[in-house]
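Chains Y and S are the protein sequences, given in the same order. Residues in the first sequence are numbered consecutively from 1, following this note's numbering. Residues in the second sequence are numbered consecutively from 1, following this note's numbering.
Honestly, the hints are just simulated from the structure, not real lab data. Note that beta-carbon positions come from the ideal geometry of N, C-alpha and C, so glycine has one too. Don't take every hint at face value.
[Unchecked claim] Derived Cβ-Cβ restraints for the label pairs, each shown as a range:
1) S:A207 x Y:A18: 39 to 47 Å
2) Y:A107 x S:R191: 42 to 50 Å
3) Y:G111 x S:L40: 51 to 59 Å
4) S:V312 x Y:G306: 36 to 44 Å
5) Y:W83 x S:L171: 47 to 55 Å
6) S:A207 x Y:G207: 27 to 35 Å
7) S:N248 x Y:G306: 26 to 34 Å
8) S:V312 x Y:P140: 32 to 40 Å
9) S:G150 x Y:M202: 29 to 37 Å
10) S:A295 x Y:A170: 43 to 51 Å
11) S:A95 x Y:G207: 53 to 61 Å
12) Y:S287 x S:L38: 49 to 57 Å
13) S:G150 x Y:M88: 37 to 45 Å
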Amino acid sequence: MNGRNLPLAATLAVFVAAYAVCAARFPAFIGTRVPADLVTDNAFLGVIAVGMAFVVISGGIDLSVGAVMGFSSVLISLAVSRWGVPPMAAFLLAVGLGTGFGAAIGAAIHGLRAPAFIVTLTAMFLARGAGFLLTTEAVPIDHPFFRTVQDLAIRLPGGGRLGAVSLVMAAAFLAGGVLLHATRFGNSVFAIGGDRRSAELMGVPVGRTTVLVYAISGGCAALAGVVISIYTRAGNPLTGVGVELDAIAAVVIGGALLSGGVGTMLGALVGVLIQGLILTYIDFDGSLSSWWSKIATGALLFAFIGLQKLIVQLPRLSPRMAGA
Amino acid sequence: MTDLLGWRSRLPRGGPQLAALALALAANAVVSPDFFHLLLRDGRLFGSPVDILNRGAPTVLLGVGMALVIATRGIDLSVGSVMAIAGAVAAAGVAHGLPWGVSIALALGAGVACGLWNGLLVAIMGIQPIVATLVLMVAGRGVAQLITSGRILTFDEPHLLWIGGGAIAGLPVAVVVALAAAALVLLMVRRTALALFIEAVGVNPQASRLAGVPSRAVLVYVYLVSGLLAATAGVLAAADIRAADANNAGLWLELDAILAVVLGGGSLYGGRFSLGLTVVGALTLQTLKTCILRAGFPPEFNLIAMAGVVAVVLVIQSPAVGALGGRLVPRLREVRL
Numbered sequence: 001m002n003g004r005n006l007p008l009a010a011t012l013a014v015f016v017a018a019y020a021v022c023a024a025r026f027p028a029f030i031g032t033r034v035p036a037d038l039v040t041d042n043a044f045l046g047v048i049a050v051g052m053a054f055v056v057i058s059g060g061i062d063l064s065v066g067a068v069m070g071f072s073s074v075l076i077s078l079a080v081s082r083w084g085v086p087p088m089a090a091f092l093l094a095v096g097l098g099t100g101f102g103a104a105i106g107a108a109i110h111g112l113r114a115p116a117f118i119v120t121l122t123a124m125f126l127a128r129g130a131g132f133l134l135t136t137e138a139v140p141i142d143h144p145f146f147r148t149v150q151d152l153a154i155r156l157p158g159g160g161r162l163g164a165v166s167l168v169m170a171a172a173f174l175a176g177g178v179l180l181h182a183t184r185f186g187n188s189v190f191a192i193g194g195d196r197r198s199a200e201l202m203g204v205p206v207g208r209t210t211v212l213v214y215a216i217s218g219g220c221a222a223l224a225g226v227v228i229s230i231y232t233r234a235g236n237p238l239t240g241v242g243v244e245l246d247a248i249a250a251v252v253i254g255g256a257l258l259s260g261g262v263g264t265m266l267g268a269l270v271g272v273l274i275q276g277l278i279l280t281y282i283d284f285d286g287s288l289s290s291w292w293s294k295i296a297t298g299a300l301l302f303a304f305i306g307l308q309k310l311i312v313q314l315p316r317l318s319p320r321m322a323g324a
Numbered sequence: 001m002t003d004l005l006g007w008r009s010r011l012p013r014g015g016p017q018l019a020a021l022a023l024a025l026a027a028n029a030v031v032s033p034d035f036f037h038l039l040l041r042d043g044r045l046f047g048s049p050v051d052i053l054n055r056g057a058p059t060v061l062l063g064v065g066m067a068l069v070i071a072t073r074g075i076d077l078s079v080g081s082v083m084a085i086a087g088a089v090a091a092a093g094v095a096h097g098l099p100w101g102v103s104i105a106l107a108l109g110a111g112v113a114c115g116l117w118n119g120l121l122v123a124i125m126g127i128q129p130i131v132a133t134l135v136l137m138v139a140g141r142g143v144a145q146l147i148t149s150g151r152i153l154t155f156d157e158p159h160l161l162w163i164g165g166g167a168i169a170g171l172p173v174a175v176v177v178a179l180a181a182a183a184l185v186l187l188m189v190r191r192t193a194l195a196l197f198i199e200a201v202g203v204n205p206q207a208s209r210l211a212g213v214p215s216r217a218v219l220v221y222v223y224l225v226s227g228l229l230a231a232t233a234g235v236l237a238a239a240d241i242r243a244a245d246a247n248n249a250g251l252w253l254e255l256d257a258i259l260a261v262v263l264g265g266g267s268l269y270g271g272r273f274s275l276g277l278t279v280v281g282a283l284t285l286q287t288l289k290t291c292i293l294r295a296g297f298p299p300e301f302n303l304i305a306m307a308g309v310v311a312v313v314l315v316i317q318s319p320a321v322g323a324l325g326g327r328l329v330p331r332l333r334e335v336r337l
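Chain S on its own, in the form it takes in the complex:
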């Protein structure tokens, strides 16, 4: 998408997002002066920034998948439930004596199946994404409960524990996995014509189909990737707490993921996305949450703070406000060709 107004070319791309992240980090440094204090022990880095990366890893994964889905003018509300299902499958797998690799493969496979289901509902049956994924959002937790028989399944399989607590090159495994997955998806869509197809479907599904874009395949693909990434996040979250909790795994993370995309400059109206900035958005969100906790607010305040941030972004993104502000306010929505 080209920029006809020209204001964006004057700003470095991603400037606002990086500024927001810097601001959130600065706020943390004010609240707790030893925020940037890093410690290397047993080949693993410790410190608040590493914690933020570690806690933010699931949101990064969900955000990347959500960015692709939202770019097609869709939404995937089921990501939290898919996390619960994947965690339950992995835990049940090792509990039944399967090798850890097989258990994880099964968990990721479950995520792909969920994504495929969503994709088929949206692309083939033509159901609105919100409703199609809402079915799995609620039914999915039921499925996860059935897998764990309604209990919190704990495990002590060493490889899974390593995923939860180990380190690669000084960084927690979850961080490495999340960043590698994000980089992989980035390469996959931007090095091919996929990103262009995804944006085309988001801008005008009918026109893109007439122009020869395989719209349905693109739609199925984005939900599939979202399901796979959500399952990865589910395995990481289960490994982190050494248990599968069907009730609470990934609860409320749908909004985090959507918010990460929106903070990353993706349009809720489809047609534009940036995976790199979505990652920045997810980390900004996690930094903000850390700040809220460290400033002494109860964790429940997070929900309200995030709802507030979404509200602000909604107002800025609104076409109605864009028309009102005219040329004075730089429009966040791109001019559509």
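Chain Y with its partners taken away, still in its complex shape:
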């Protein structure tokens, strides 16, 4: 066990322990039904977390993801139900726009040497405003394609249903994991997150990597909009308010260091599942207000940041070397 794996191990332990607690209180947690729903219900967050993992590990932050997801869901619903665009074309358009928007954010951050949070905060307002300009209310989608996709599911023994959106999330995590941990680009992301200046001096293409990282994040956020539009069969400009924190929390709970250079895709996945577990527990309990989930997420985030501070301050366990 070395220092940089400790947060991931802690995350896995927390997940297993929390699941055991849930299963002890509500026997329904045992079996495939609840786990399958857990994945399907949180697929949009999972897809966003894939992009956020790249951003956080590169030492940045992206506050625009929730707004981009909301905009993308509105765009898809309007395109399909009002403008008569075929669903697949609408999806491609949304993801393309999201990716381009993210690339522009990355270019602004790198080109202007501007703080990532201000640029992405501006982008958040821009995307949210654009969504509101398209429509100020929820737009239902009544295209047969969406019903078909919603009915697509892998049936597990024991009654569990893995919806199509959970497969999108799985594909995103798989692709993200390979890109982050097994390519030169992934190494560059870790390098600029660990120490931007050294990376630059070593010849890492900092500009290109920054643009790509935010483009991936924007694309993932738009893909999450696709997922949510399939999942809810509607587009709503208010979708995804506050999802930024959920995604950042998922990545951090999964063991990524907010100052960059450390993190894993597997951790981000577990972080998403832990948050989904909190929501499911609140649902099962029935007497707790759903707002407790926000507070619990905040508390968990706080606890993991504290854990990381502790690890970083332990001598000889420098997490900077995690890029390998």
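Assemble chain S onto chain Y, guided by the hints.
Positioned in the frame of chain Y, the structure of chain S alone reads:
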């Protein structure tokens, strides 16, 4: 901070900011010719300029707090949520039969507690301000929802209603409160060495600590002031609509506050701030919003317009652009000693 290039000394300080405000006012006068028409009725002034002051009061309060935080190279994203919490506490207080003074004190106390929490996370635990305050930004609305039990709490306590609709010396109470608070903070930081400490921490936290500046105390102090001012704004906003709305109180006002600071000539990179010009910036912003509405654009357009203004200011402030423009473009960033 002294000005080594000398270009600023040729311009009156605050000139660009006042010019921007004048421009925004002129645009309004063009859009609606009776813009400057003021009316005195029942000891209270009525008219568009008074409306702008009244609507802009929360932004002025948030902006002043944000100016101090940004000057330490920080950011406080939680101000909108703190407004919601304070409004919820005040409304719940009077709803439970507490005297209005106690309710307001509790609301302001909640703001101080939020500020203290942010300050401790940033100063003691060393968490980046953006993340530390993001925790409260989202969790805070949850807390406000819990206080109001997820409902919009209305109230008809006469003193709170007076804060929302009354007047002092002809001006709405909110305006007087906001300007008095801004003046108080201005006196507090500029009449003491605090402003110098704040700027020193923003320029170089390590060096200022070595030079004997109590950096951590300064950091906690700025977040505390920001929380207190946000709570004040929350009480004003709740009194204005006679209800606490945990979902919408102070929503999106974080960017307004940041923008007010930036328009007021504060550097996003820390180390320089002006409270007076931040107030001017906040009022310019409100004037601009009024203009957008009066020109017939939907209110949703505000978000995009403001994002556009931030983008322009970001480009102007960028060190990369500053280096590119060289001496031709007056650099907005000060030369750091």
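Results for each hint:
1. S:A207 x Y:A18: 39 to 47 Å: 45 Å, holds
2. Y:A107 x S:R191: 42 to 50 Å: 44 Å, holds
3. Y:G111 x S:L40: 51 to 59 Å: Given range 51 to 59 Å: holds, Cβ gap about 53 Å.
4. S:V312 x Y:G306: 36 to 44 Å: 39 Å, holds
5. Y:W83 x S:L171: 47 to 55 Å: For W83 (chain Y) and L171 (chain S) the Cβ distance comes to about 50 Å; the hint holds.
6. S:A207 x Y:G207: 27 to 35 Å: 30 Å, holds
7. S:N248 x Y:G306: 26 to 34 Å: 32 Å, holds
8. S:V312 x Y:P140: 32 to 40 Å: Distance hint for V312 (chain S), P140 (chain Y) holds at roughly 38 Å.
9. S:G150 x Y:M202: 29 to 37 Å: Between G150 (chain S) and M202 (chain Y), where Cβ atoms are some 53 Å apart, the hint is violated.
10. S:A295 x Y:A170: 43 to 51 Å: Check passed, 49 Å falls within 43 to 51 Å.
11. S:A95 x Y:G207: 53 to 61 Å: This hint holds: roughly 55 Å between Cβ atoms.
12. Y:S287 x S:L38: 49 to 57 Å: 55 Å, holds
13. S:G150 x Y:M88: 37 to 45 Å: Given a distance of about 39 Å, which is inside 37 to 45 Å, the answer is holds.
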